[in-house]
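Each chain, written out:
Number of protein chains: 4
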Amino acid sequence: MSKPIDAAEVAKHNTKESCWVILYGSVWDVTDFLPSHPGGSNIVLKLAGKDATEEYDPIHPPGTLEESLSEEARLGPIDPKTLPEPVQSAKDVGPEPNSVASVPMSSLLNLDEIEAAATKKLSRKGWAYYYSAADDLHSKHLNNSIYRSILLRPRIFMDCSKCDTSTTFLGHNLRIPIFVSPAAMARLAHPDGEWGIAQACKKFGAMQMISNNASMTPEQIVKNAPPDQIFGWQLYVQIDKRKSEDMLARINELDAIKFVCLTLDAPTPGKREEDERAKNIVDKDNSSILKDAGGHELKGGGGIGQSLFFGMDPTLTWSKTLPWLAEHTHKPIILKGLQTHEDAYLASQHAPRVKGIILSNHGGRAADTAPPSVHTLLEIRKYCPEVFDKLDVVVDGGIKRGTDVVKALCLGAKAVGIGRAALFGLGAGGIEGVERVLEILRDETMTAMRLLGAEKVGELGLRHVNTRVAERDIYDGPGGMDGLQGAVKGLLIKAKL
Amino acid sequence: MSKPIDAAEVAKHNTKESCWVILYGSVWDVTDFLPSHPGGSNIVLKLAGKDATEEYDPIHPPGTLEESLSEEARLGPIDPKTLPEPVQSAKDVGPEPNSVASVPMSSLLNLDEIEAAATKKLSRKGWAYYYSAADDLHSKHLNNSIYRSILLRPRIFMDCSKCDTSTTFLGHNLRIPIFVSPAAMARLAHPDGEWGIAQACKKFGAMQMISNNASMTPEQIVKNAPPDQIFGWQLYVQIDKRKSEDMLARINELDAIKFVCLTLDAPTPGKREEDERAKNIVDKDNSSILKDAGGHELKGGGGIGQSLFFGMDPTLTWSKTLPWLAEHTHKPIILKGLQTHEDAYLASQHAPRVKGIILSNHGGRAADTAPPSVHTLLEIRKYCPEVFDKLDVVVDGGIKRGTDVVKALCLGAKAVGIGRAALFGLGAGGIEGVERVLEILRDETMTAMRLLGAEKVGELGLRHVNTRVAERDIYDGPGGMDGLQGAVKGLLIKAKL
Amino acid sequence: MSKPIDAAEVAKHNTKESCWVILYGSVWDVTDFLPSHPGGSNIVLKLAGKDATEEYDPIHPPGTLEESLSEEARLGPIDPKTLPEPVQSAKDVGPEPNSVASVPMSSLLNLDEIEAAATKKLSRKGWAYYYSAADDLHSKHLNNSIYRSILLRPRIFMDCSKCDTSTTFLGHNLRIPIFVSPAAMARLAHPDGEWGIAQACKKFGAMQMISNNASMTPEQIVKNAPPDQIFGWQLYVQIDKRKSEDMLARINELDAIKFVCLTLDAPTPGKREEDERAKNIVDKDNSSILKDAGGHELKGGGGIGQSLFFGMDPTLTWSKTLPWLAEHTHKPIILKGLQTHEDAYLASQHAPRVKGIILSNHGGRAADTAPPSVHTLLEIRKYCPEVFDKLDVVVDGGIKRGTDVVKALCLGAKAVGIGRAALFGLGAGGIEGVERVLEILRDETMTAMRLLGAEKVGELGLRHVNTRVAERDIYDGPGGMDGLQGAVKGLLIKAKL
Amino acid sequence: MSKPIDAAEVAKHNTKESCWVILYGSVWDVTDFLPSHPGGSNIVLKLAGKDATEEYDPIHPPGTLEESLSEEARLGPIDPKTLPEPVQSAKDVGPEPNSVASVPMSSLLNLDEIEAAATKKLSRKGWAYYYSAADDLHSKHLNNSIYRSILLRPRIFMDCSKCDTSTTFLGHNLRIPIFVSPAAMARLAHPDGEWGIAQACKKFGAMQMISNNASMTPEQIVKNAPPDQIFGWQLYVQIDKRKSEDMLARINELDAIKFVCLTLDAPTPGKREEDERAKNIVDKDNSSILKDAGGHELKGGGGIGQSLFFGMDPTLTWSKTLPWLAEHTHKPIILKGLQTHEDAYLASQHAPRVKGIILSNHGGRAADTAPPSVHTLLEIRKYCPEVFDKLDVVVDGGIKRGTDVVKALCLGAKAVGIGRAALFGLGAGGIEGVERVLEILRDETMTAMRLLGAEKVGELGLRHVNTRVAERDIYDGPGGMDGLQGAVKGLLIKAKL
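Protein chains in written order, with UniProt numbering: chain A, 1 to 497; chain B, 1 to 497; chain C, 1 to 497; chain D, 1 to 497.
Every clue listed holds true.
Identical chains share a label here; the pair holds if one copy fits it or two copies do between them.
Here are the simulated DSS-like pairs of lysine-lysine, each with C-alpha atoms no more than 25 Å apart in a straight line:
# : residue 1 : residue 2
1 : 390       : 456
2 : 50        : 81
3 : 162       : 320
4 : 243       : 320
Calculated from the structure, these hints are not laboratory results.
So here's chain A without its partners, still in its complex pose (with noise of 0.2 Å):
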């Protein structure tokens, strides 16, 4: 074992030329590496010559490292003594993770006081993170308060001893139609990360889908999940397809992950200024800047959200992917990311290799005005109630409510997801933090249920929800209107399939 090395020799090391850091005490030599870095070279750079630990922790599961270097890469340790004390980043002021005192989970009532307390406990990275979405907010705002503007109808004289808040997905049980969708960097959050948010769903019997950028990796996510606890697991499909497929065969060996879910709504990033403006790259000569999936230069910054898209494939279609994407895996794909009636139909004309859809507008960080999920879910209703029959559809974004969960399933998703609420959860009391979340949700769901007079998920109807406000904004320009829906799906069929 080489002797340990002085930080001061690292520090020399901080260019393009020749660029050191250190990583859990070990001191390496990255200069080579920087090139193919995901992120982009410039948030490597800013950090070379120095300990990068506190980076690169919450962003990178375990193993990243050993994939990605080579051993001669590492020089040695480095030497402990020689490291200057650690000082607040400048670039992060919020407190730091957990230093903030707890309050009792018992003690929130809803989740926006879970969100409330997480915001006072995050990182100003991780906050801005998670909170952010596309330009102006308008699709995350429209997500919640299109709920607001659907009326419940309950009914009387139902017997409402019993509630059973049961769904199933794909087939699989679950014991409550809540599922935590597909979100990345929980441990920005909190130490526990995906891990820790797998184990509160297995309490409550919450499908959760595991992020493609997750902080942890999949076998340490489902690691002893039991065996009724059901995984999905997200893939964005990378420009090295290579890398995609090596990652499919390690799900397929996953036998806890019950299907793939391919994410769509999000082939390029949205701008989410916010993240931006806690940006962690700095950079004063743009030698090295971040590009797009287009090739395009990143400007005004770029926060966590735009390295994520580092490396993703902009390129994907029904006739491409789809095939491909089934010789990599045996296991059930479904859809992420369905905005319009038009590609509801379409993957369902794709059943049964597609077997279920995700309405969602990616938590308003995509397109910003795009619909929310609630207006996907009612222009199916009008234009092809039939793919209802052919796949398993749920929607997320904008769940603040028990209210909520049930006008969603009223309309005809078998099950909705949260994934902001579950971060928050995470990073208000970690664990126990995402239980209260569910056990929250579960309680409001079974009040809202036992109020309309449905004993089970099943029951629940369009009788039991008056959506005239929001029907009467959804879509009905070309390709939408009732009268054409025949000849329109033949057309879409003819041009895309």
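Given the coordinates of chain A, work out where chains B, C and D should sit on it, guided by the hints.
Here is chains B, C and D on its own, set in the frame of chain A:
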């Protein structure tokens, strides 16, 4: 008579194993009673070993103690000299009732000002119980704002020198078309409680419905009522049916009570967070936590609202409950809490056993985003107007102005109920405060009738109101579509009756 | 001439049994007059034993004193040396009229700025009387906001070098399509009062309607008016018809007054809480409280608005009142305060006895949530457009901009009235302030006409405005449905005429 | 060369009878020129006897002085030593241009942040001129908010690796579908003025329309433009037609200018109160006040907006103006300021003489409550879509985001214009600031196109946008009803052509 007991001795008995409390100067051993306390055992244990009178008194009608406990449980008088000085309860940070300087009731010009005056005087707990509504208070606010969206259509050249506000309900004459809805726990507002409300109603010829959870006995409330004063009595059916039957037997004996009102809009409690925040249950170990109607644990505390639901029967149905009720009372039956035209239609199919209905969403306290009763009125108007011929229809929720009263009457209601307004009136000024509430509404109602050009309540009709804005939003989904009305009704009847 | 009376002596006579007041330097014994005071006796008793001039003067036209009291009631001159120093009235916390530094009228750019300037200068009582409207000010605000919801449709390539704002009413030429609605008590704003308004109208060729409750006599107001200045006179019919007949006889003698305007939108006073708060009636014992038109007690005080209604006849009808009025005046009759197309249609059936109508909801001061006059215009357009052929239709309420003026003209009005704006102009700067109001509206109107491409008022039409938003909300209930129009009219005529 | 003149001597000549001003170091006698000054004589008299350079420079293109005055009027050089120290102008309380510390343009993430940065740096007068709009800014705000009400419809599985933002206008290729609308007085923002805007446009391939009231000459602005840079020139026709003809002759000589844009949406100035408040005209006696196009006095001051209208011809018509214009230019003609489908249709009847139209309400600066150009686009779509075949249609007003750009393109526009945004960019950072504006909009536009799944501008269509909310509100009155289209067009043509 036993000799006075020292408070220090009482203080030792503060566990589930031995639980003593002081009530009205006597020491009671309630250990055996703990498991059957309607509000759960924790709420009692919290007061174990102490003088519980202040907590107990405003929410239990006289006689409750004697009914629930045997004489042996009374251990003897407390030695008053040994009691500690009373201290301001930590959990109840609001002002003590009546500690705030009073304003003359006549200086309060409208119901908002009365609520503001009451808010200053009520205890935090009392205010929270009255003010709170489900979730985000959406239905509570909608109940009122929907009236603002309806425009009046004043006519000219109508002789308005006379104005007669009288109406009828179940054949009884009411001097004003305003009644007090069954609202619980009036003694939280003022020691005169429900009896005080009755005195104000007597003065104005207003009907009063007595809550099943009144803080006084029905006998106390109707005491010395003149023959033309009209009361109803609200029934929440208990799981232990015998308790309800005993209560009905008592009601049957009271001539002043003209009908029984079966409440159906809250088979399980809504989530009233403001009430929970002011919760009277703080318990470190969760060994004997409150459960809701379905046996499900109540988390996050649980205010007065939830504790009242303990023991309520959630299994009521058209076919089971109505015949049982008819067997145990000879008084006319009305149903409270209908929120859909379907249920109104079904109720009308049960005439003449059912004689009237109250359209209500429980003041927005049950399901949040439940429709305001104006929606239900408009639905009935549109889909099954014959209901108005078969049943006396009244409404409550959101009434703040005489114009609101008049609008409900124009749409077919025979009268409108107020709940919080009466309680806030009581809190603001006792009997005089409730009188002021009724006076304001009566006067505003007369002004509105005169300006419309209607001398009598019966002359008010659809031509006096423009409901375009509200009408646009009422339900038109399955079961509600005009053309399918006949078929739908058939199905409804087949399915439910 | 009697010898001066000591103020201390006067002060003793402050009861119902003996009531003296000082007015304009004389002492009057008003004991016998108390019961017949139009504003009730309390308002007088409050000032008993004191100098009442400041209270009395701005709301009583000259001659009122002499008409009401015999010369014997004048006891003699007050001894001025014995009067106490005037003190700031406790009930009137606003600044004294004209005590605030004036701004040049030309620096005020719009009507809101003029209202703001007036608000600083007016007494609390005067401001409250002008500003106040019924209940929650919903109709007052709607009167204005409805204009904002109408879009203009400017046309291009229209020669707009010339712009002629003249219009006609009852055959009279008006230089601008803006008139001053009958608004009471102008001397609360400025000593020049209604005469001052007349001077400004003369300069701009604007029509003026004189209020029945003007603070000056009609003779004073029209004094020295040139032949082409157009006045109307507003009639509130008194219960004591002889008083109205005497007044009509005086009006018949005044050539400057071209028509009589019978006000019908306030047969009973609306509830103007701001006015009540600044009430001029504070009375400990309620022995001689104000009563409204129907003999009902007025509670909660009662501001200027209510006191003006004392003695008004609430029994007016089409069949009784119109013939009576025609008998007592030879001048054309117009009706003010129509709020439904039904009443507009009925009025048109009374042409040519009725020559014109003012669509008005009394500035939102009568029934709150009454429709804005734009609604009534649109209703007439939709259900009975022939009314425009039979009657001259004008509107008032909510006018703040020249674009508002133009929109009303596009919808069929011949002119639009302003009420508060004229009074606030008077308060802000006397005659010059009213001139500034008219100048601003005139100039804005011309700009709007030019940008629309209309040279003359008569060219403005429906094609210049987009009323989709407003039209969606107008009444379409019974009596208003298009298809039933003929039948409905038949019924209306049968029922009411 | 004459000897230097003492400033004290100049100061004596400050009246209409003898009026000297100092400009660029020379003393001029402008007494004879006063009556013919385009901005009125007062604006000059205010500066009489003083150094007027600072006021004069940013709003007059070079050469204006020499054109307007003979060489004899130049009396000689000022003696600089005799000039007083410059003091902060009292009328202009904002910061001096460029006195505020600059922020890096790349740190500004969106157009609102650029406006905020510019607001800090601009003079009060410059800011007010740019920011202001008519009356209550209703149309200005609506211009933007209407885009928020349109939802995007992102499609999935679309290859979005490529994105081509190029479009065409009148056959010219534009690299981005964004142009700079003709906006006056750019040197109020920055000394680089309109030439600076041109440099930024060159970099991004954006079209620029040069204002008739530019603060630089067209020759200066287009200097050294590469052959593929596209300019248009805006014409306000002068009452003195010869001036316009002379100007057209100059424009005809400039190859870089590809078309003439005749502005029609402001035949008379709108009322821009913010501009008036910062007015540059303060004059005690009103002897020589500004007049508007119709010869009507301009009251309440009159900002830069109004002074620019001096001398404009308000008598333009289809039949008179178009032939005259065609006679004086061989360049293609486009019309700016159409706000109704009727006018768009009429314009299409004048093709090919008219080649394109700009739908615009003058940035909300002419008629307040004029429709946003999205309305006009939707009207054309609904009533006369053939217009899109005959004319190149572009729009401006309210563009703040790339999604706004894309929405306009989906509805049929070939490109969208920005006015204030370019000026605020110039104010925030000169050329670099305008570049940042174009860069932000370009990047946001590409993101939106990619997320919709459209590679080229021409692929964007109605199926990509949900316009239900906006469509509900567009005009459907006379002349616009679907069924009557043919007849209406006939009438229109007969009446106007």
